[in-house]
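There are 2 protein chains.
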Amino acid sequence: MIPVEEARTRILDALRPTGAESVALPEAWNRVLATPVHARLTQPPADVSAMDGYAVRAADASQGARLRVTGSAPAGHPFSGRVGPGEAVRIFTGAVVPAGADGILLQEDAMPEGGSVLVEEAVASGRWIRRAGLDFTAGDLLLPAGRQLTARDIGLAAAANHPWLSVHRQPRIGILATGDEIVLPGEPLPPGGIVSSNAHALAALVRAAGGVPLVLPIARDDVNAIAAAASEARFCDLMLTTGGASVGEHDLIQQALGPQGFALDFWKIAMRPGKPLIWGRLGQTPLLGLPGNPVSALVCGVLFLWPALAVLRGRPAAAPPLRPAILGTPLPQNDRREDYLRATVTRREDGVLQVTPASRQDSSMLRTLAGCDALIRRAPDAPGLDAGAWTEALILSELGI
Amino acid sequence: MIPVEEARTRILDALRPTGAESVALPEAWNRVLATPVHARLTQPPADVSAMDGYAVRAADASQGARLRVTGSAPAGHPFSGRVGPGEAVRIFTGAVVPAGADGILLQEDAMPEGGSVLVEEAVASGRWIRRAGLDFTAGDLLLPAGRQLTARDIGLAAAANHPWLSVHRQPRIGILATGDEIVLPGEPLPPGGIVSSNAHALAALVRAAGGVPLVLPIARDDVNAIAAAASEARFCDLMLTTGGASVGEHDLIQQALGPQGFALDFWKIAMRPGKPLIWGRLGQTPLLGLPGNPVSALVCGVLFLWPALAVLRGRPAAAPPLRPAILGTPLPQNDRREDYLRATVTRREDGVLQVTPASRQDSSMLRTLAGCDALIRRAPDAPGLDAGAWTEALILSELGI
Numbered sequence: 000m001i002p003v004e005e006a007r008t009r010i011l012d013a014l015r016p017t018g019a020e021s022v023a024l025p026e027a028w029n030r031v032l033a034t035p036v037h038a039r040l041t042q043p044p045a046d047v048s049a050m051d052g053y054a055v056r057a058a059d060a061s062q063g064a065r066l067r068v069t070g071s072a073p074a075g076h077p078f079s080g081r082v083g084p085g086e087a088v089r090i091f092t093g094a095v096v097p098a099g100a101d102g103i104l105l106q107e108d109a110m111p112e113g114g115s116v117l118v119e120e121a122v123a124s125g126r127w128i129r130r131a132g133l134d135f136t137a138g139d140l141l142l143p144a145g146r147q148l149t150a151r152d153i154g155l156a157a158a159a160n161h162p163w164l165s166v167h168r169q170p171r172i173g174i175l176a177t178g179d180e181i182v183l184p185g186e187p188l189p190p191g192g193i194v195s196s197n198a199h200a201l202a203a204l205v206r207a208a209g210g211v212p213l214v215l216p217i218a219r220d221d222v223n224a225i226a227a228a229a230s231e232a233r234f235c236d237l238m239l240t241t242g243g244a245s246v247g248e249h250d251l252i253q254q255a256l257g258p259q260g261f262a263l264d265f266w267k268i269a270m271r272p273g274k275p276l277i278w279g280r281l282g283q284t285p286l287l288g289l290p291g292n293p294v295s296a297l298v299c300g301v302l303f304l305w306p307a308l309a310v311l312r313g314r315p316a317a318a319p320p321l322r323p324a325i326l327g328t329p330l331p332q333n334d335r336r337e338d339y340l341r342a343t344v345t346r347r348e349d350g351v352l353q354v355t356p357a358s359r360q361d362s363s364m365l366r367t368l369a370g371c372d373a374l375i376r377r378a379p380d381a382p383g384l385d386a387g388a389w390t391e392a393l394i395l396s397e398l399g400i
Numbered sequence: 000m001i002p003v004e005e006a007r008t009r010i011l012d013a014l015r016p017t018g019a020e021s022v023a024l025p026e027a028w029n030r031v032l033a034t035p036v037h038a039r040l041t042q043p044p045a046d047v048s049a050m051d052g053y054a055v056r057a058a059d060a061s062q063g064a065r066l067r068v069t070g071s072a073p074a075g076h077p078f079s080g081r082v083g084p085g086e087a088v089r090i091f092t093g094a095v096v097p098a099g100a101d102g103i104l105l106q107e108d109a110m111p112e113g114g115s116v117l118v119e120e121a122v123a124s125g126r127w128i129r130r131a132g133l134d135f136t137a138g139d140l141l142l143p144a145g146r147q148l149t150a151r152d153i154g155l156a157a158a159a160n161h162p163w164l165s166v167h168r169q170p171r172i173g174i175l176a177t178g179d180e181i182v183l184p185g186e187p188l189p190p191g192g193i194v195s196s197n198a199h200a201l202a203a204l205v206r207a208a209g210g211v212p213l214v215l216p217i218a219r220d221d222v223n224a225i226a227a228a229a230s231e232a233r234f235c236d237l238m239l240t241t242g243g244a245s246v247g248e249h250d251l252i253q254q255a256l257g258p259q260g261f262a263l264d265f266w267k268i269a270m271r272p273g274k275p276l277i278w279g280r281l282g283q284t285p286l287l288g289l290p291g292n293p294v295s296a297l298v299c300g301v302l303f304l305w306p307a308l309a310v311l312r313g314r315p316a317a318a319p320p321l322r323p324a325i326l327g328t329p330l331p332q333n334d335r336r337e338d339y340l341r342a343t344v345t346r347r348e349d350g351v352l353q354v355t356p357a358s359r360q361d362s363s364m365l366r367t368l369a370g371c372d373a374l375i376r377r378a379p380d381a382p383g384l385d386a387g388a389w390t391e392a393l394i395l396s397e398l399g400i
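Residue numbers (numbering that gives the first Met the number 0), protein chains in the order written: chain A, 0 to 400; chain B, 0 to 400.
Derived by calculation from the structure, the hints in this document are not laboratory data.
One or more hints might be untrue.
Remember, identical chains collapse to one label, so a pair may be satisfied in a single copy or spanning two.
Stated by the list, open to error - Capping the alpha-carbon separation at 25 Å, the derived lysine to aspartate or glutamate pairs in DMTMM-like fashion look like this:
no., residue 1, residue 2
1, Lys274, Asp221
2, Lys267, Glu107
3, Lys274, Glu107
4, Lys274, Asp59
Throw the hints in and build the complete structure from the sequences for me.
Quick look at the structure:
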């Protein structure tokens, strides 16, 4: 049995980001940049007005002065002439400041009178002018490779004149559930059968983590069926199995995949829930075998698959984020296995998270899992804790899981 | 000018959730339930073993006893006979406990010897048996209407035998950018023109908030062009315009949309950035007019569009979440307009957020916005604050924006 952190490191070290693809700007939200975005133009491209008003020569625009209005400069329609002495040009926010002008008389400080305007508040040179390049200059690095694109980034890339962006391909994750006893929801349920929940819960986790799930038909507990299904692995960036990882079943997966070129790295980790975990490579494709137990499968999915997807889609290798939190009820000392306890979360007035472990942690209970937004991490041999003590937890809703 | 909170209340009060649609389970992640999910079966359906081992009569299974193994019960293949006195049946995790048995002898406490098994540790009645209905019972309410579905919920709905779920339709949001000076990224840029960034930044915000954007072609500053584009509103749950909301432009939008049946509710709010904000109704369709300035458009999008989308997709009416945070640098007293300052965020060791306002808050600067994961809220007339004081902020990355 190897520790959780070592298992995660061995998994992440074996993975490489997917290649790049060009996507249209609107499709790039939440994707990870493969190529940095540099500014293709200068923004603003010239000195522009920050307000509606009149472009003037500041030297002329003392309080009480009367200036002759010689034209107009709406945004998008630059004034082609020049602002001469004693002159003003009507201007609007974002419009290019005409040659000759060096200040903006605000609309609310100006009184139009026929073809001229009365200055009611003196204008300082440079006031209300946004200088060329205030936001960025052509060639500036705006967004680095590896950035997960926000709505703000999409706006910035658009402003920098990028109709296309180069992002990492979304990793395709094959999901293979095995077991004689499971059927898909809505299918006829034989005696002793249970409805498969792992494949679609994991598919949702894959989507939440930015991947594309490929849910394969359920394979019976049969060497040939598993081997046939696993042949799809070559089209995947990572192959996931669920079930077939416990002591007896382990042999079956090994037996089925061995002839297909499966090379095992490890298959047991010191954690609860979820001791049996297969990690290896099937031909070119990394293979992660999660436990068949639904709670164990999802917890292992958060701890190992979520960071694996991050690496595959071009993000840094890292554990899922642990948040400091206050414990709602006491906890006993932990044994030598790292433990993840399902817990509810509340947020105190001061923003501190409080986590309260579910009273029953049986790993078959999906309803408890659905109702618990946090997993409290208990290190191996962690001492007992009183209510109110600090601990640390994964906030599942923060991960969209 | 009306206060931010009043504006938001007037907007949210005018909105109703979209209707329901049936989607296949794999498509339901992150959608909002329109109909509660009840359990369609009992889970586990019968008493099942929680471990690999032997199903026994606890009264027989004292330490040192030797039991005759009469059969096997793998998961999915229930043993049809009965465990009689002095008998045991090989059993695996998840398999139905055969009639007659009332306890599980763990594999590690059992020594197989030919056709029998030696009990090395006495078995307690009921031990390692998961009772029928431990997770849920047929008819139980598992997920209420209005719930935004997590990966855990998808697993639970699957286990409860739901191949389909009834969820609110994703709201369709029409996005109409107006202006003579703007062009889409990559299009020929005329003198004085700027590249449109609002439509696609807002489209990304709509996606982040669970809606479907419909980006309309840019409309020139022309009554007929705006009126023609706005006719698409009838296919939308909400129509968004950007630009055309400031003093002069306001008349244009009013003039263009009035004959199309536009009824204005309000168009000015006491906030910065983003004073001009149009709210009304174009025929049946609610219409939100955001400022043309890119930073103002996105900030108003977070404050008004984000919660509007929540209501439209079936979530409760609520402001976007403000988090308590420590201020990194001092702030002066605020004036009478509610203010949203772009700020960077760091997370301290104890989990407390620290926010530091950008030194320059010019509302044309998209690059500053992209680099700032938080918006510090300053109430009207808020007093000056020292570095280290508590304040509150919207965490944009938390909203996927």
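To see whether the hints hold, each was checked on the structure:
1. Lys274 with Asp221: Within one copy only: 23 Å inside, 67 Å across.
2. Lys267 with Glu107: Close across copies (17 Å), not inside one copy (74 Å); limit 25 Å.
3. Lys274 with Glu107: The answer is between: 16 Å across copies meets 25 Å, while 72 Å in one copy does not.
4. Lys274 with Asp59: neither (81 Å within a copy, 31 Å between copies)
Consistency note: the structure conflicts with earlier hint 4 alone.
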